[in-house]
Every structure is written in structure tokens, then in C-alpha cells.
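A.B. asks: Sequence:
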Amino acid sequence: MGQTPSQMVKSSLVNRHDDRIQSLMQSGKRHRQNKDYEQARKQYAKALDNIIKKKHSPSDFYDELLFQIYLDISRCHRKLLQVDEANYYCRLAENISKQMRNKLSYDDSLNSISDFHLQRKSDSSEFDADAINQIRVVELRNYELAIGTLYGKIGKMYFSQCKYHEALHTCKTAIKIQAKLGCQNKVDIATLHDIIGHIYKMKSMYNDALSHYQLSLHIRREIKETSKLDMANCYENIAEIYSRQRKLKEALLLYETSRTLRQQILGDDAIEIKHSNGRISKVLYLQDKYTQS
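The numbering of the sequence shown is the working numbering, which starts it at 1 and goes up by one.
Because the hints were derived from the structure by calculation, they are not lab data.
Please note: incorrect hints may appear among the correct ones.
[To be verified] Pairs of lysine-lysine residues, derived as DSS-like cross-links and limited to a Cα-Cα distance of at most 25 Å, are as follows:
#: 1; residue 1: K46; residue 2: K29
#: 2; residue 1: K203; residue 2: K282
#: 3; residue 1: K79; residue 2: K35
#: 4; residue 1: K53; residue 2: K35
#: 5; residue 1: K53; residue 2: K42
[Claimed, not checked] So the derived label-pair ranges between C-beta atoms look like this:
#: 6; residue 1: E222; residue 2: S281; range: 28 to 36 Å
#: 7; residue 1: K176; residue 2: K53; range: 31 to 39 Å
#: 8; residue 1: K163; residue 2: D269; range: 32 to 40 Å
All C-beta atoms, glycine included, are put in the ideal place defined by N, C-alpha and C.
Please construct the entire structure, taking both the sequences and the accompanying hints into account.
C.D. replies: Pasting the structure below:
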């Protein structure tokens, strides 16, 4: 049976309202591309307000829409250096992704679907409920990876602003999400471990700092494109912890390894080499001091 005039009017209003939301999101995207993040944020906020006012019944479409808006608002706040607001909206996006996951009846393992299997399904005209769920799982995995990446950027910003408590929690959350999903950006994960190590070092929690510095070194060793300077920094971070723990023999070896790597890239006259020499001299001094005592 066809729609009644009342149903047709309601349907037209819904479509018009949805078009308005999509238009606002496209406007926000254009402002972001032009690096006008404040105007972009305002457009996304208007789109969010339209969704909330309409009080949509829960659906996959509006869950995805809310997720994207929260994520985009968070990105705008980050670019505006408004880190607390960026973190707030990122958490809202994460909550939406958890709701979406709870709705899925498919196996909750995110890595159980191959791209080849999906391609075969998409080539077929027979798209059953299971195939749709499989696609949703892959989409959800991409959403959660975006959250993990954004948390990492927010954590780095917290650290740069000396908000160490927030940085520690946010960086750990980012690592947990990215490691769970098999993130390919290993350098980013290694950097987050470095930041956590720095925070623990400042708290004099040297065993925890050492653990994260060693994880960073392990990850970078597995990455072919890791630069010698990054490796030198890793060795120096670990050496500093050993030095503070009075494991002077281990500290000296790693400081010398770090200096050698830097010399290969920077030469003997770089300021970084002078800093390395200073640290090595300090360890040698401490060795003599403790030997004499």
C-alpha cells in the first residue's frame, strides 16, 4: 500500500532534516581542509545539535553519524590546542563505538575477517545478515583505530602541556586500543611508550620507566626504517635509568652505543655528541667514586 499524505509529509521532513545534517558535515569538512578549525567545529556542533533535537531512535546509521561528528569535533579542538575538549569528545566517540560493538551479533574478534573474504562477499549478489555483520565489524575496527590514533595525539599534547597525569592515562589508552587492533603505525606506539617512560622517570618510578623504554627499543628494532638517531635516543633513555639505579656498567655501555650511532650521522662536532660525552664522563666519575669508597 502507498503512503498516506501525512506519512509522505513526515518522510519529506525527515529527508530534509537529514540533508541539513549532511550539508553541515560537508561544510565542516571544507573548513577543516582550509585549516579554519573554529568554523569547522561550529558546523559540526550545529550538525550534532540537529541530531540531538530530532531525538532519533537508535540505529546503525545515526550511531555512525554521531561517532563521526564526535571524532571530527575532537580533531578540531586538538588543532585549536584545546586538549581537554578534544579528549572529552574523543571519549564520547569511543562510547558510541562500544555501543555499536555491543549491537553486533557477530564474533567479537576484530581480526577474524580477511579482506579477500570480504571482497568475495561484495562481488556476490547474495548479501546475507552474516555478511553485513562482517562488513560492520571491519568498519568498526577502522573507527576504533581512528580513536586510538586520536588518543595518541591527545596524549602527546597533554605531555607537551606538562599535564602528566592526563598524558599517562591517555597514552596508555591509545596503546591498548592500537595494540589490540594490530595498528601498523609501530613508530607511533613506540613514541607513546617513550612518553610514558619519561613520565615514570619524572616520578622516580624507574622500573616502570625502564619497562616502557625497553618496549620502545624492541618495537623500533623491528622497524626497518627506524633511524639511527631514534635508536640512539632509545639507548640513551635506558642508559639514564641505569645510571639513576647505579647500574653504571650497563649505563656506560648504552651511553657509548648511543654516542657511536650519533657520530655516524652527525659527526664528532655536533652538540648532541658533546651532550653524550658529558653523560659518559658523569658515569665514569661515579664509577671512580664508588670504586674508591
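A.B. asks: Hint by hint, where does the structure go against what was stated? Just the numbers, ascending.
C.D. replies: 4
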